[in-house]
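K.L.:
Listed below are the residues making up each chain.
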Amino acid sequence: MSRRLLVGYASAAVVLGIAPLFLDPYWVDVLNSVGLYALLALSLNLILGDAGLFNMGQAAFYAVGAYTAAILSTQLHVPILWALPVSGLVAALFAALVARPVIHLRGDYLLIVTIGLGEIVRIALVNDVFGLTGGANGIFGIARPSILDHKIRRPQEFFYLIWAFVALTVFLFHRLEQSRFGRALNYLREDPVAAEGSGVNTARYKLLAFALGAGWAGMTGSLYAAKMTIISPESFSFWESVVVFLMVILGGSGSIPGVLLGAALVVMVPEFFRGLASARMLFFGLVMMVMMVVRPQGLLPLRAPRFKRSDLPRAEPAPGAAPGGAK
Amino acid sequence: MEQFFQQLTNGLAVGSIYALIALGYTMVYGVLKLINFAHGDLFTLGAYLGMTLLTSLLLQDRLGTAAGLLLLAVMVMGLVAVTGAVLERAAYRPLRESPRLSAVVSALGASIFLQNALMLVYGARYQVYPDILPQNAVSLLGLTVPVVRIAVVLVSVGMMAVLYLFVQKTKVGTAIRAAAIDQGAARLMGIDVNRVIRLVFMIGPALGGAAGLLVGLYYGQVNFTMGWTYGMKAFTAAILGGIGNIPGAMVGGLLLGVIEALGAAYLSIAWKDAIAFFVLILILIVRPSGLLGERVAEKV
Amino acid sequence: MSALLELRNVTKSFGGLTAVGDVTFDVAKGSVVGLIGPNGAGKTTTFNVITGNHRADRGTITFEGRSIGGLRTHKIVTLGIARTFQNIRLFQQLSAVENVLAGRHCRTRAGLLAAMVRTPGQAREEAEAVARAMAELAFVGLEGRALELAKNLAYGDQRRLEIARALATEPKLLVLDEPAGGMNEHETDELVGLIRRIQERGITILLIEHDMSLVMRACEHIVVLEYGEKIAEGTPDAIRADPRVIEAYLGTEEA
Numbered sequence: 001m002s003r004r005l006l007v008g009y010a011s012a013a014v015v016l017g018i019a020p021l022f023l024d025p026y027w028v029d030v031l032n033s034v035g036l037y038a039l040l041a042l043s044l045n046l047i048l049g050d051a052g053l054f055n056m057g058q059a060a061f062y063a064v065g066a067y068t069a070a071i072l073s074t075q076l077h078v079p080i081l082w083a084l085p086v087s088g089l090v091a092a093l094f095a096a097l098v099a100r101p102v103i104h105l106r107g108d109y110l111l112i113v114t115i116g117l118g119e120i121v122r123i124a125l126v127n128d129v130f131g132l133t134g135g136a137n138g139i140f141g142i143a144r145p146s147i148l149d150h151k152i153r154r155p156q157e158f159f160y161l162i163w164a165f166v167a168l169t170v171f172l173f174h175r176l177e178q179s180r181f182g183r184a185l186n187y188l189r190e191d192p193v194a195a196e197g198s199g200v201n202t203a204r205y206k207l208l209a210f211a212l213g214a215g216w217a218g219m220t221g222s223l224y225a226a227k228m229t230i231i232s233p234e235s236f237s238f239w240e241s242v243v244v245f246l247m248v249i250l251g252g253s254g255s256i257p258g259v260l261l262g263a264a265l266v267v268m269v270p271e272f273f274r275g276l277a278s279a280r281m282l283f284f285g286l287v288m289m290v291m292m293v294v295r296p297q298g299l300l301p302l303r304a305p306r307f308k309r310s311d312l313p314r315a316e317p318a319p320g321a322a323p324g325g326a327k
Numbered sequence: 328m329e330q331f332f333q334q335l336t337n338g339l340a341v342g343s344i345y346a347l348i349a350l351g352y353t354m355v356y357g358v359l360k361l362i363n364f365a366h367g368d369l370f371t372l373g374a375y376l377g378m379t380l381l382t383s384l385l386l387q388d389r390l391g392t393a394a395g396l397l398l399l400a401v402m403v404m405g406l407v408a409v410t411g412a413v414l415e416r417a418a419y420r421p422l423r424e425s426p427r428l429s430a431v432v433s434a435l436g437a438s439i440f441l442q443n444a445l446m447l448v449y450g451a452r453y454q455v456y457p458d459i460l461p462q463n464a465v466s467l468l469g470l471t472v473p474v475v476r477i478a479v480v481l482v483s484v485g486m487m488a489v490l491y492l493f494v495q496k497t498k499v500g501t502a503i504r505a506a507a508i509d510q511g512a513a514r515l516m517g518i519d520v521n522r523v524i525r526l527v528f529m530i531g532p533a534l535g536g537a538a539g540l541l542v543g544l545y546y547g548q549v550n551f552t553m554g555w556t557y558g559m560k561a562f563t564a565a566i567l568g569g570i571g572n573i574p575g576a577m578v579g580g581l582l583l584g585v586i587e588a589l590g591a592a593y594l595s596i597a598w599k600d601a602i603a604f605f606v607l608i609l610i611l612i613v614r615p616s617g618l619l620g621e622r623v624a625e626k627v
Numbered sequence: 628m629s630a631l632l633e634l635r636n637v638t639k640s641f642g643g644l645t646a647v648g649d650v651t652f653d654v655a656k657g658s659v660v661g662l663i664g665p666n667g668a669g670k671t672t673t674f675n676v677i678t679g680n681h682r683a684d685r686g687t688i689t690f691e692g693r694s695i696g697g698l699r700t701h702k703i704v705t706l707g708i709a710r711t712f713q714n715i716r717l718f719q720q721l722s723a724v725e726n727v728l729a730g731r732h733c734r735t736r737a738g739l740l741a742a743m744v745r746t747p748g749q750a751r752e753e754a755e756a757v758a759r760a761m762a763e764l765a766f767v768g769l770e771g772r773a774l775e776l777a778k779n780l781a782y783g784d785q786r787r788l789e790i791a792r793a794l795a796t797e798p799k800l801l802v803l804d805e806p807a808g809g810m811n812e813h814e815t816d817e818l819v820g821l822i823r824r825i826q827e828r829g830i831t832i833l834l835i836e837h838d839m840s841l842v843m844r845a846c847e848h849i850v851v852l853e854y855g856e857k858i859a860e861g862t863p864d865a866i867r868a869d870p871r872v873i874e875a876y877l878g879t880e881e882a
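Protein chains in written order, with the numbering used here: chain A, 1 to 327; chain B, 328 to 627; chain C, 628 to 882.
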C-alpha cells in the first residue's frame, strides 16, 4: 500500500476516533449511517469493481443477513454478535445458490436478473415467506449487542463497533487486492476469455466474488438489525441497491478509498442540503448521467499499484533465455 | 370456465400494453445493443401528459370522444417522441465509444432522474384520470366483455401492425433493420445511422407514451412508480419474445399478460408482481434467445 | 507410439456452415507443427475446439492419451495446453508482470483465506510465482518492461508478452494463433528463434500462421486445411510442392 494512502487512512482513523467526543448524537448517528453504507459499498465493490459483475440487487443480500440475525435473535435468543458470522454465511450461501444458474449471462442481462432477484426477495419478505419474516411490518424486538456484559445502546457506542468493523474490512480487502484471489478477480473483470484461457476458473471466481460480497453485506445487515432493533422490507428496496451502486460508481469502481469517499458523500451531502430532500434522488440520477460523460473512472480511482520495482527479483533466466535481455 | 375467459381477455388487454412498451426496448436494443432503462419512465410520462392535456384542453368535449382521443394520442405520442430524442442526445450519444458499464449507468441515471422529476411535478400520490370512456359491455362468445378491454387490444395490435409494416416495407424501416444487424455495414451502405438511432428513439418512446395513455384511460389512475413495474414486465416480455425481435416483443407481451392474469387468478395474487421476474429469470436460464430471438449468454 | 495430441474426425458446425469437417491429424511430442490454409479454412475453429472454447459436434481430441473434448478451457490449461489469441487478448490495463502472473494462477493454490491471513506458505508461493513470471519475461526479452502497462507496449512486444503468459502456465503443448500477425521481417526472424528456444525447453508447439517464411523455417510438420477439411499433410518441402496446396493458396507470395 502506498505511503500516501496509509497516511490518509491513519489521519481518517484519528479524526473518526475522536469525533464522537465532539459531535452531538445526531451527527454521530449520521456517521454510523456512513459506516454501514461504507460496508455495503465495499461489499458491492468486490462484486462490481473487482470482478466486474453488474449487480444491482445488493440490498437482497443485506436483507437476508439482517433478517437472519433478526430471526436468530428474536426466535432463538442468539446474541447478536454471534449471529453476525451466521448472517454472513447464510447470505453468502444464498448468493451462491441464486447466482449459479445465471452467472454466465452477459453484463446488462446479469444486471436485470439481479434487479429481479432483489425484487423477488423483497416481495417474499412482504408476503411473510416461511412464516418467519413478519410480512410488511417486519420483525421487532431485536436484541442489542453486548460485549463483555456491556450493552451497546447509544449512538456513540455503535459508532465504535461499526467503524471497527469498517477498519477491519478495509484492512482485509486491501490484503485481498494484493493476493492471488484479488488478481484472479481482476483478470476476470478485464477479459474473461483471456482469463479462462490463462487457466483461471472464471465460473468459480464469479461465484466466489458474489458469495463474498453477499456475505459481507449480510454481516452488515446483522449490524443494522442490532442497531435499529426493528427491520422491515422497506429498508431493503431497489432504491437501496441503487444508492449503494451509486456510491461505488461515484467514488471509483474498484478503488477502496474511492468507495469510502462515495459512501461518505452520498450520505452526508443531503444532510447539508436539507431543503432539497425530495429532490435527492433526482440529483443522484443527474450525477450518474454526468459522471459517465465527465469522469467515468470516479472521483478517487486509486487502484493500488500491484508491484513496485523493489518487489521484483532480478530475474534468473529460464533455460535458453533471450540473448541481450531488455531492449 | 367463465372466469378463465374473463382472465384470458384481461390478460390479453394488459399483455397488449406490455407489448407496446416492449417494442420500445426491443427496437433500441436491436440498433444500439443497449437496454434503455429510462423507457419505462417515458411510458409514465405519456400517462401523465395524457392526463394533463385531457383535463386542460377538454378535447373530448370540443371534438367528441373519438376525435378528441385521437388528437390527444397524437399529441402525447409526439411529445414523448421528442423527449426520447432529447434523452438519446443527452444520455447516450456522448457514450457511444465508452465501455458498456458507462451506458448502463447513464441509462439508470436517466431513469431515476425522469421518475423523480415526474414525482416532483405531479406528486407521489395516485392521480385520477378523467372518466370519459364508454362503460358498456358487449357479448362475446357468450361472455360479457367490457368494450374498452376489446378496444385496448385492438388499438394496441393495430399500432403494432402498422409498426411491423413500416419496418418491413418502407425504405426507412429497412434502414432500421440494417442498422440493427450491423451498424458498420449499414453506414458503409450510405445509411445515416445517427438518423436511424434518433428515429428509433422517437418511435419506441412514442409507442410507450401511447401505452401510458391507454393505461391511464383503462385503469383510471396513474402513479410515478408505474414506469418501474410496467417497464420491468415489458422488458421481460421483450426478452421472452427474443430481444431485438419485433414480432417477438408482440408475442412476448401478449403471452406474459396472459400468464400473469391466469397466475394471479389461480395461484396467488400476492405474488403477481413477482411472476414477471420469475419468468424473466427462467427464460434467461433456460432459453436466453427467447421464443424467436438472439443469444445473450457470454460465449467463453 | 501415440502422439501428444490426437485429433480424430473432429467436426464443428455453426448453423448450416461446417467450419471444421472430419479433421484428423497428430501432433508428435517435441515437434513444431504448423496449421495453414486460406482464410476461412477452419484453423482458428480447430484451435478453439482443442482449447475448449468450442465443443466439437463429432470426433475426439486426445491429449496425452486422455480425452479432453468437452472439458472447460481452464481445466485444459491445467492439463498442459496453453494458447495465444489471434487478436491479442492481454489484460490491457494491467502491467506486463501481472499479465504473466495470470499464467501462474493455475500452478499456485493460495485461496481466499490465505489471502486475508497471509500464511508464510502463501508468502513463499507469491514470491516464487513472481520470480517465475519475471523469468518468463526475461525469456521473451521483456524483462525491462515488467512494470509497463500492456496497452503501452509496442505491438510486437504485446505478442511476445502473450507468449510469456502462456509459457508461465508450464504447458506441454503451446498453441499459437498467428503469432507473427503484424510483425515485420526482423521481428519475424526473432520469433523463429523464440519458437526454437521454446522447443528446446521440451515444449511441443502447434501454430497457425499466414506468413509462409516463418512456417517453412520453424515447422517440422505441416497440416493444410481448406474449407474445413484437411487437404494435405507432410514436411515443408512436400507441402511446398503439393499441387492441391498450391491451388488452394493461389496468390500467396512467400513460399
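No wet-lab data here; the hints were simulated from the structure.
Where is the CB? At the ideal position from N, CA and C, for every residue including glycine.
Warning: the hint list may mix true and false statements.
Using 25 angstroms as the maximum straight-line C-alpha spacing, the simulated DMTMM-like pairs for lysine to aspartate or glutamate come out as follows [claimed, not checked]:
{"hint": "1", "chain 1": "C", "residue 1": "Lys-702", "chain 2": "A", "residue 2": "Asp-128"}
{"hint": "2", "chain 1": "B", "residue 1": "Lys-599", "chain 2": "A", "residue 2": "Glu-234"}
{"hint": "3", "chain 1": "B", "residue 1": "Lys-360", "chain 2": "A", "residue 2": "Glu-234"}
{"hint": "4", "chain 1": "C", "residue 1": "Lys-656", "chain 2": "C", "residue 2": "Glu-812"}
{"hint": "5", "chain 1": "C", "residue 1": "Lys-778", "chain 2": "A", "residue 2": "Asp-128"}
{"hint": "6", "chain 1": "C", "residue 1": "Lys-778", "chain 2": "C", "residue 2": "Glu-827"}
{"hint": "7", "chain 1": "B", "residue 1": "Lys-360", "chain 2": "A", "residue 2": "Glu-190"}
{"hint": "8", "chain 1": "B", "residue 1": "Lys-599", "chain 2": "A", "residue 2": "Asp-191"}
Which residues of chain B face chain A? A few of them, derived with a C-beta cut under 8 angstroms, are [unchecked claim]:
{"hint": "9", "residue": "Ala-400"}
{"hint": "10", "residue": "Leu-422"}
{"hint": "11", "residue": "Glu-424"}
{"hint": "12", "residue": "Phe-493"}
{"hint": "13", "residue": "Gln-495"}
{"hint": "14", "residue": "Tyr-593"}
{"hint": "15", "residue": "Ile-596"}
{"hint": "16", "residue": "Ala-597"}
{"hint": "17", "residue": "Ala-601"}
{"hint": "18", "residue": "Ile-602"}
{"hint": "19", "residue": "Ile-608"}
K.L.:
None of the hints should be skipped; say for each whether it holds.
P.N.:
Status of each hint after checking the structure:
1. For the hint linking Lys-702 (chain C) to Asp-128 (chain A), the alpha-carbon distance of about 44 angstroms lies beyond 25 angstroms, and the restraint is violated.
2. With a C-alpha separation of about 19 angstroms, the suggested pairing of Lys-599 (chain B) with Glu-234 (chain A) holds against the 25 angstroms cut-off.
3. Proposed proximity of Lys-360 (chain B) and Glu-234 (chain A) is contradicted: the alpha carbons are some 33 angstroms apart, above 25 angstroms.
4. Annotation: proposed proximity of Lys-656 (chain C) to Glu-812 (chain C) is violated, straight-line Cα distance about 29 angstroms (limit 25 angstroms).
5. About 53 angstroms separates the Cα atoms of Lys-778 (chain C) and Asp-128 (chain A), which puts this hinted pair outside 25 angstroms; it is violated.
6. In summary, the hint linking Lys-778 (chain C) to Glu-827 (chain C) is not supported, as the alpha carbons are separated by about 30 angstroms, beyond the 25 angstroms threshold.
7. For the proposed pair Lys-360 (chain B) and Glu-190 (chain A), the alpha carbon gap of about 20 angstroms is at most 25 angstroms, so the pair holds.
8. A distance of roughly 39 angstroms separates the Cα atoms of Lys-599 (chain B) and Asp-191 (chain A); the hinted pair therefore is violated under the 25 angstroms criterion.
9. With its C-beta approaching chain A no nearer than about 28 angstroms, Ala-400 (chain B) sits outside the 8 angstroms limit, and its interface hint is violated.
10. About 6 angstroms separates the beta-carbon of Leu-422 (chain B) from the nearest beta-carbon of chain A, less than 8 angstroms, and the hint is met.
11. Look at Glu-424 (chain B): its Cβ only gets to about 11 angstroms from chain A, farther than 8 angstroms, so that hint breaks.
12. Look at Phe-493 (chain B): its Cβ only gets to about 27 angstroms from chain A, farther than 8 angstroms, so that hint breaks.
13. Proximity of Gln-495 (chain B) to chain A is violated relative to the hint, the smallest CB-CB distance being about 27 angstroms (cut-off 8 angstroms).
14. Using the Cβ-Cβ criterion of 8 angstroms, the hint placing Tyr-593 (chain B) at the interface with chain A is not satisfied: the shortest such distance is roughly 17 angstroms.
15. With its C-beta approaching chain A no nearer than about 10 angstroms, Ile-596 (chain B) sits outside the 8 angstroms limit, and its interface hint is violated.
16. With a cut of 8 angstroms, the hint placing Ala-597 (chain B) at the interface with chain A holds, because the nearest CB-to-CB distance is about 5 angstroms.
17. Given the 8 angstroms rule on beta carbons, the hint for Ala-601 (chain B) holds: about 5 angstroms separates it from the nearest Cβ of chain A.
18. Interface hint status for Ile-602 (chain B): violated, as the beta-carbon distance to the closest one in chain A is roughly 10 angstroms, over 8 angstroms.
19. Interface restraint check: Ile-608 (chain B) against chain A, minimum CB-CB distance 6 angstroms, threshold 8 angstroms, status holds.
In this structure, the hints that do not hold are numbers 1, 3, 4, 5, 6, 8, 9, 11, 12, 13, 14, 15, 18, in rising order.
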